[in-house]
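Novice: As given, the protein sequences belong to chains A and B, one line each in that order.
Counted the way the numbering used here counts, the first sequence spans residues 1 to 161.
Counted the way the numbering used here counts, the second sequence spans residues 1001 to 1205.
Please note: incorrect hints may appear among the correct ones.
Said to hold, decoys possible - Covered stretches of chain B, as calculated for chain A (at least 3 residues, CB under 8 Å):
#1 1160-1170
#2 1177-1183
As the list claims (entries may be wrong) - Lysine-lysine pairs mimicking DSSO-like chemistry, simulated, CA-CA at most 30 Å apart:
#3 B:1160 with A:107
#4 B:1040 with B:1059
#5 B:1160 with B:1111
#6 B:1111 with A:106
#7 B:1111 with A:107
#8 A:106 with B:1160
#9 B:1111 with B:1040
#10 A:107 with B:1059
#11 B:1040 with B:1160
#12 B:1059 with B:1111
#13 A:106 with B:1059
#14 B:1160 with B:1059
Unchecked claim - Take a look, some chain A residues computed to stay more than 12 Å from chain B by CB distance:
#15 5
#16 40
#17 62
#18 101
The set of hints was computed from the structure by calculation and includes no laboratory data.
Glycine residues also receive a C-beta, built at the ideal position from the N, C-alpha and C atoms.
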Amino acid sequence: MRFLINTTAGALGFFDVAADWGYPNHDSDFGITMALWGMPEGPYLFLPVFGPSDPRDAVGLGVNAAMDPFTWVGQGAAVRALDWSRWVMNGVDQRERHLDDIDSIKKTALDPYATFRSLYRQHRTSQIDDARNDSRATIPVWFPQSATPGQVTYSPTALRN
Amino acid sequence: MLQRRRFMVMTAASLLTGIQWLARPANAQGATDRASTFIKSIGDQLVAVVNGPGSDRDKRARLTAIIDNGVDVDGVARFCLGRFWRTASPDQQHRYMELFHQVLVNNITAKIGDYRGVRFQMGRSQQRNEEAVVSTVVERPSNPPTNVDWIVSNPSSDPKVIDVVAEGTSLRLTQRQDYASYLTHNNNNIDALINAMRQQVAEAS
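Build out the structure end to end from the sequences listed, making use of the hints.
Specialist: In structure tokens form, the structure reads like this:
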């Protein structure tokens, strides 16, 4: 819907008219797409620079990077250096933004590793559930929907601990 | 004779089910409304304390009172110990409960400064099994709005908050997995957990 509206009424995408009509922008990534296709998440990983993840979402990160046009633009040493810097600065910047929260979890949690794992998994599941229950591609925001916002579903693995 | 009795039993049964069917939707509606008003009042009290005058110590004391009244702290404590509750001795359970009260209050009141100027808006309220889920949107200055769901138990009789779900992460589930992991790494020794909690409380005060 957003593509359709913004290409026509929004002059080939220069103006975001769809947001005013009830189709706001939203973030997604390939990891969520794979989850919606039914791929299970697998064991918990902690990637350097990128932080908590799991095999499915790590592959999703790779595919996301491959789909990003800036990955392919230009050649030569300078461009490659800038490319790497972009990823590293992104990592440093993200960490700085969450430093306070990370510190507070390290202080209040008895097992920070388990806490980060739990928070990451719950948040990821909720993102995927939101994407699954959401018809925002076709139904505008102002139309009353029966979907439940922010539903907590305790998966069997979560309750086993 | 038998026909008439059967007829009367049938009409009585259908009348009863009819009455129950009429009553049920109204009950569910009443429960979610009560849960909504309950959360609104708790939220307003919390916001008034955080945004109001007074020292941090003052605010902590008042927030503790609101939390003790509005949250089922014992229930949350038992949930957070999970399967180890059954293996704990009554003395350990008692010590754990006391420490959990303090740990909970410390965790909540530690970041009062960050919440200065907070506002919240009420959203939808739904019934799920025997609990009500009240959705709110919490806005902190210079932070994006956060979706926070409040899970309320016994909404029609004695409403109490049993869980807070921030952007899909349940606080009591996170705490439970934290404790479970700690216990697993300490030979399921509940005394070790109690000592660690005591240390946390000592460091915080």
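Novice: Please go over all the hints and tell whether each is borne out by the structure.
Specialist: Hint by hint, here is what the structure shows:
no., hint, result
1, 1160-1170, "holds (count 6)"
2, 1177-1183, "holds (count 6)"
3, B:1160 with A:107, "28 Å, holds"
4, B:1040 with B:1059, "19 Å, holds"
5, B:1160 with B:1111, "23 Å, holds"
6, B:1111 with A:106, "14 Å, holds"
7, B:1111 with A:107, "12 Å, holds"
8, A:106 with B:1160, "29 Å, holds"
9, B:1111 with B:1040, "21 Å, holds"
10, A:107 with B:1059, "21 Å, holds"
11, B:1040 with B:1160, "13 Å, holds"
12, B:1059 with B:1111, "11 Å, holds"
13, A:106 with B:1059, "24 Å, holds"
14, B:1160 with B:1059, "21 Å, holds"
15, 5, "25 Å, holds"
16, 40, "18 Å, holds"
17, 62, "25 Å, holds"
18, 101, "10 Å, violated"
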